[in-house]
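Novice: Note that the protein sequences, when read in sequence, are chains X and U. Take 799 as the starting number for the first sequence in this note's numbering and just add one per residue. Take 153 as the starting number for the second sequence in this note's numbering and just add one per residue.
Keep in mind that the hints were calculated from the coordinates and are not lab data. Warning: the hint list may mix true and false statements.
As the list claims (entries may be wrong) - Stretch by stretch, here's where chain X covers chain U in the computed footprint (C-beta under 8 Å, at least three residues):
1) 246–260
2) 365–379
What the hints assert, rightly or not - Estimated spans, in silico, between C-beta atoms of each pair:
3) X:1088 with U:338: 58 to 66 Å
4) X:1155 with U:391: 30 to 38 Å
5) X:821 with U:260: 42 to 50 Å
6) X:1136 with U:364: 51 to 59 Å
Claimed, not checked - A short list of chain U residues far from chain X (calculated; beta carbon distances all over 10 Å):
7) 215
8) 231
9) 318
10) 327
11) 345
12) 355
13) 359
Where is the CB? At the ideal position from N, CA and C, for every residue including glycine.
The residues making up each chain are set out below.
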Amino acid sequence: MQFGIFSVSDITRDPVSGETPSEAERIDAIVRIAQKAEDVGMDVFAIGEHHNPPFFSSSPTTLLAFIAATTSRLLVSTATTLITTNDPVRIAEEYAMLQHLSKGRMDLMLGRGNTAPVYPWFGQDIRQSLPLALENYNLLHQLWREDVVDWKGKFRTPLQGFTSIPRPLDDVPPFVWHGSIRTPEIAEQAAYYGDGFFANNIFWPKEHYIRLIGFYRQRYAYYGHGTEEQAIVGLGGQAYIARKSQDARQDFRPYFNEAPVYGHGPSMEDFMDLTPLSVGSPAEVIDKTLTFREHFGDYQRQLFLMDHAGLPVTKVLDQLDLLGGEVVPVLRKEIAARQDPGTPDAPTHASLVRAKYGDETPRQPRPNANRGDNVTGGSPYQDTAAKSRPEYPEL
Amino acid sequence: MPEGTHPTSTGRSAPVNDAAQEPFSLAIISAGTSDPSSTRLLADRIADRSCELAACHGRTVTSNVIELREISADISSALVSQLITPRLQAAITVLGEADGIIASAPVYKAGLSGLFTSFIDVLDDDLIIARPVVLAATAGTARHALVVDEQMRSMFAYLRALTIPTGLFAAPEDWGDPALNKRIDRAAVELVLLMESGFARKIRDASWDSYQHEYGSAGGTEVGIDLGTDLMRLAAGGSAA
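Take the sequences, apply the hints, and build the full model.
Specialist: Given below as structure tokens:
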């Protein structure tokens, strides 16, 4: 079981101090938060992708490459990478590069994005977002698995003899999670490819997620990737922790009340009753988090939202001390004791390499020499099967 | 939330004739803000006449009142945060299971009260397809009379509900005018006949899938998943149509 944090990358006024951090301050803060996550023993740091203020994370692979370079154990990921408004070819290239630089300490989570104006800024249409997401991922999946791709679809210009470079590290594609809270087609696609499925688990009451995760598990088994219990499930959640329950509620209330998405709406107590939000002592957060597996089945990754709604970086770092120091160690122990012993871990680069090669040496693609024209595709790598290589006349 | 209230693409479907012996379920939405309120009074009088009339036809009616005043905070939470509280969900379930609906709202500023429209705004588009609805409004002046036909009717048309022909409107002077009773009687006849016809149930049985639905819509009852769609084929590695 992996534990980590995920950030929306919002830049929000601190309702207590009245200060709004600058973009520069918030970007510095997120790096410290990610590094702290590793220091306190968390496994995963994931960042969102946005293309409008008041967010800062438009270029997740740049940020994550820096974080990977300044950490040694932390797995970097996204929450989410936009599979609709990004060209899947660019996703294939950028994340393969991140995979090389981080030595495989990365994966990514795909999402559609629900901000209507962003779509036309990138030449897309939100009304087509579902077929666009599905088609784009079909292409991305292929680009990471075939050296040379011929492809034609509805939304993107066709590809002939295209090779996405660099090839994935050890020729093992990054593991992909599909984030969705209400779209059976996304669950179906995750199941079809044997990818992970992630429910952000923040807004809707849990019954909605339970049904969709159940459908994903069932289809994962149907496509022959394993049993329903072996399907790869991730969940979000959010917590605010203090040693004493009252202190947690008192500290967090002004942030809750002004939070960008649910602020000025339901009371914090209603939200705690009806959603996975926990605000309280370490023991209360542990108890609530332990209920997740009872509802959704044993799962592989738990991410907490810790740095939103204008919480100052010092508070977030204190939160991570409590989360990593007092909550997660107990959760690891309790979940290990309770979960089905056959529950698989979330795939990592190392486990995927082992699954593909066993004791063999992983493939290391070496390109053929540049013939000078830069366009003669067909067999770009020295170990590409001879039969698919074009033949050239002796000069 | 009972499942299988509506036929879904997985093939669950309620038998058409089951309802013959069941009481009619009547949902009454009142957006009146005082207690008692004339808006609620108008709704109650329609409901009473409908029950009497149904009884004459040998049918009983179970009425459920949704007093929006009591769930106003839940409605505003849902509007701004997508959080559906249990109390709001209970109201949604009542509407989703109703054979007939009486919707009664006050008019304040040449338009339906914001409480009423806010409630309608948080409902799923497919919650009350084909259900017979009595439209009723109250106001402090007769100059608001057209709100029923010009605003309320189009709102329920958007929801694909079946609004009954007679619209009811009561300004202060109408409460002393027997003509209001006559219109209430007329509306009750229209409502009861439409409930008796089983039109809404038949529409749902015959063509539920031809309306647009989302996973979890129809108040949380639409949980069927059709694996045979173009999008599902695309999800499983196929190509876009």
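Novice: Against each hint, give a clear statement of whether it holds in the structure.
Specialist: Hint check:
{"no.": "1", "hint": "246–260", "verdict": "violated (count 0)"}
{"no.": "2", "hint": "365–379", "verdict": "holds (count 7)"}
{"no.": "3", "hint": "X:1088 with U:338: 58 to 66 Å", "verdict": "60 Å, holds"}
{"no.": "4", "hint": "X:1155 with U:391: 30 to 38 Å", "verdict": "32 Å, holds"}
{"no.": "5", "hint": "X:821 with U:260: 42 to 50 Å", "verdict": "44 Å, holds"}
{"no.": "6", "hint": "X:1136 with U:364: 51 to 59 Å", "verdict": "42 Å, violated"}
{"no.": "7", "hint": "215", "verdict": "28 Å, holds"}
{"no.": "8", "hint": "231", "verdict": "8 Å, violated"}
{"no.": "9", "hint": "318", "verdict": "38 Å, holds"}
{"no.": "10", "hint": "327", "verdict": "38 Å, holds"}
{"no.": "11", "hint": "345", "verdict": "37 Å, holds"}
{"no.": "12", "hint": "355", "verdict": "24 Å, holds"}
{"no.": "13", "hint": "359", "verdict": "21 Å, holds"}
Against the hints set out earlier in the document, violations occur for numbers 1, 6 and 8.
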